[in-house]
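Novice: These are the residues of each chain, in order.
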Amino acid sequence: MATEILMPALSPTMEEGTLAKWLVKEGDEVSSGDILAEIETDKATMEFEAVDEGTIGKILVEEGSEGVKVNTPIAVLLEEGESADDIESASSPAEPEPSSEAKEESAPAKAKSDDAPDIPKPDTSPDWPDGTEMKTMTVREAINTAMAEEMRNDETVFVMGEEVAEYQGAYKITQGLLDEFGGKRVIDTPITEHGFAGIGVGASWGGLRPIVEFMTWNFAMQAIDQIINSAAKTLYMSGGQMGSPIVFRGPNGAAARVGAQHSQDYAAWYAHVPGLKVVQPYSAADAKGLLKSAIRDPNPVIFLENEILYGKSFEVPVLDDFTIPFGKAKIWREGSDVTIVSFGIGMTYALEAAEKLAEDGVEAEVIDLRTLRPIDYDTVIASVMKTNRCVTVEEGFPVASIGNHITATLMERAFDYLDAPVINCTGKDVPMPYAANLEKLALTSTDEVLEAVNKVTYR
Amino acid sequence: MATRKSTKKPNVSADELKSYYRDMLLIRRFEEKAGQLYGMGLIGGFCHLYIGQEAVVVGLEAAAEEGDKRITTYRDHGHMLACGMDPKGVMAELTGREGGYSKGKGGSMHMFSTEKDFYGGHGIVGANVPLGAGLAFADKYLENNRVTFTYFGDGAANQGQVYETFNMAALWDLPVVFVIENNQYAMGTSQKRSTSTPDIYTRGEAFGIPGEAVDGMDVLAVKEAGEKAVAHCRDGKGPYILEIKTYRYRGHSMSDPAKYRTREEVQKMREEKDAIEHVRDLLLSGKHATEEDLKAIDKEIKGVVNDAAEFSKDSPEPAVEELWTDIYTDVAPQNA
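Sequences listed follow chains A and B, in order.
Numbers in my numbering are just positions in the first sequence, counted from 1, shifted up by 4.
Numbers in my numbering are just positions in the second sequence, counted from 1, shifted up by 750.
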């Protein structure tokens, strides 16, 4: 049967083109790979090859024709034994393009927010039963214990990173792990973040549960392609076949006097990416319970610690198997006058400000988000519906911050409950300076939180 | 280009030789059909064809054992067909349909089959190299005695993470074969213009990784080199590099006018070095097959490819609900 040769699409964006030149004429025999014509696309002049063999029966579009739509028949190819007389019966219109018409119902994002309940339903269950025995522990010990417990539970869990084994951790987070678990499971890497992050992701596909430690999150920028393009997106790109059960962890944000390249909060960066889960604990109990959840999670988890918090002590429940679920915020302090939302080291400013406010008779409700993806919106919204005012606190840069996102969500879901604009306390929009006085100014502070609360409460 | 070892007698059976012919022909016909469907607008975006390089994957698959893994970059259709993935599922992924390996959500560059130990299909040049070493790391950790074939091109061989990976793979004796498919052009930049030394396989020397150059237009030479490399890895001796000198007949992608090389250069390669013609000659001259036998294979392949094309057109587009699935393994995405 005679086949029509159609105007080809020769680039991802081509809709029409110029048939610049025919290199064959009617009656010519062609075989697969022969150049039939030169076609000008929106980008370049391309040679158009024959796919099938046969005889050019008829040329339908003359050379020099401009604006020839893709899929227009431009010639007819005859098979052995056919003649040009058969052309009239040559079949069928061009294949309709299947994907060009966007379907009407393709707006699930909007549908989703419409479906979102107006009345928030926060999970107010306690993190551990009342009366549980408690033990004082630093954040450092909590993270170390969480890893050790999970490594005892699951042979496929291992930890790799710079100085994690023989040196016992640059910040002593992995202290003692080499002795207990040996060099097979506690692995010193060369200084090669891009490479070992990729090896970690590959290992997670091969049946292991890696914990990849970055000495600090600043160095993970060398590896961010592997974290996002390989770890976060593969489950989706594989249609659900292959997930990446991996934890990337290490200290994040400013420490003290280490300058611009070593002082940055990546919370908003990673919270931006679908496919990742993002955790930024404040207390030791949360660090332990959330890291254990992270190691068991079948998805890639970004675990953002803080060097200044490592040595801070908190009460941690003494329980055999203590985990905290993702997406559940913690109310540290109840109050009716203003909601302060924070996470990670920002909580130190939030709680200190709340203490001072209480002395003045202002009761702040302080919420620790704990996880930034997923975010517990319901707890925040329910609180703001009660207090009608909100201040957010974080150390990251101000543009496209977590606070910005919380604010936008409150506008969508609790606009009528707000009695004042939400204020975001953030780090300043500058690289971190070294000088002690400037560094202090570049970070947010308890005073800034107090000032913001005064503004939103019109005091 | 290494010269063909034409005088060498193939030490494979007639059936094996025929299966290589069949597998290479399947890739070529499949890719020609993909090019055709692209021209019809049924395949969108980027589409990188493997035509010309068929002997590389077919030769190495002949050296692989059950459970060995493979991972590659974006010119990946050939690897998928060679490891036994269903042409229908591959073609339907190219057309972005529900019946595709990734339910239409991955596309030409992003397909996976855990069943066939094919770990993608990766669009970031060089990024699959540490990923492949990571798969090998897992096999060593789990004591599986498996080998991972990590394919990348002469272009990717200039990415820094490749050398980070060479270092760790050698340091930790990972069972990984680094397969450099040198088709001489990194998109439009010839190897001469992009690469400081001509022999990429020697780049493992600094890390203590043995390497060799292989005639990639000779499937038997590829198989032989592959067997050697695999044995090295399986013996626990660490990684191995194969620089397989090959050639792609088509442009870098469908929208590449390929003005950086002459038509004559391409024609010469097709006429003098074609890997499929080579095996065809071996089959006929060795009286392992008749013209009729080969015609029957051609016909069978045509049928397989046409079925795949029909399937890829008939399979529906993914349901709109699929937009919101497979983002997390256990939970629905948050309704931000």
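Among the clues, some could well be false.
Ranges of calculated distance between the beta carbons of each label pair, as one might list FRET restraints [said to hold, decoys possible]:
id, chain 1, residue 1, chain 2, residue 2, range
1, B, Glu1067, A, Arg261, 19 to 27 Å
2, B, Thr939, A, Met225, 22 to 30 Å
3, B, Glu1067, A, Glu416, 28 to 36 Å
4, A, Met415, B, Glu1067, 52 to 60 Å
5, A, Lys25, B, Leu1073, 25 to 33 Å
Cross-link-like lysine-lysine pairs, in silico, DSSO-like; alpha carbons within 30 Å at most [unchecked claim]:
id, chain 1, residue 1, chain 2, residue 2
6, B, Lys783, A, Lys62
7, A, Lys29, B, Lys1009
8, A, Lys47, B, Lys1049
9, B, Lys1009, A, Lys73
10, B, Lys783, B, Lys838
11, A, Lys25, B, Lys1009
12, A, Lys62, B, Lys978
Just a sample of chain B residues kept apart from chain A, beta carbon distances all over 10 Å, derived [what the hints assert, rightly or not]:
id, residue
13, Asp765
14, Gly834
15, Glu977
16, Lys978
17, Lys1045
18, Glu1050
19, Gly1053
20, Asp1076
These are computed hints drawn from the structure, not numbers from a lab.
Glycine included, each C-beta is placed from N, C-alpha and C at the ideal position.
Novice: Determine for every hint whether it applies to the structure shown.
Specialist: Quick rundown of the hints versus the structure:
1. B:Glu1067 to A:Arg261: 19 to 27 Å: 56 Å, violated
2. B:Thr939 to A:Met225: 22 to 30 Å: Roughly 27 Å apart at Cβ, these two residues keep to the hinted range, so it holds.
3. B:Glu1067 to A:Glu416: 28 to 36 Å: For Glu1067 (chain B) and Glu416 (chain A) the Cβ distance comes to about 31 Å; the hint holds.
4. A:Met415 to B:Glu1067: 52 to 60 Å: Because 35 Å falls outside the window, the suggested range is violated.
5. A:Lys25 to B:Leu1073: 25 to 33 Å: 43 Å, violated
6. B:Lys783 to A:Lys62: 23 Å, holds
7. A:Lys29 to B:Lys1009: Measuring from Cα to Cα gives roughly 25 Å; hence the hint holds.
8. A:Lys47 to B:Lys1049: Violated, at about 37 Å.
9. B:Lys1009 to A:Lys73: Holds - the C-alpha atoms of Lys73 (chain A) and Lys1009 (chain B) are around 24 Å apart, at most 30 Å.
10. B:Lys783 to B:Lys838: Holds, at about 12 Å.
11. A:Lys25 to B:Lys1009: 17 Å, holds
12. A:Lys62 to B:Lys978: 54 Å, violated
13. Asp765: 27 Å, holds
14. Gly834: At about 16 Å from chain A, Gly834 (chain B) clears the 10 Å cut-off, so the statement holds.
15. Glu977: With a cut-off of 10 Å, Glu977 (chain B) remains clear of chain A, as the shortest Cβ separation is near 23 Å.
16. Lys978: Lys978 (chain B) is indeed farther than 10 Å from all Cβ atoms of chain A, at 24 Å.
17. Lys1045: 14 Å, holds
18. Glu1050: 18 Å, holds
19. Gly1053: 15 Å, holds
20. Asp1076: 4 Å, violated
Of the numbered hints stated above, those contradicted by the structure are hints 1, 4, 5, 8, 12, 20, listed in ascending order.
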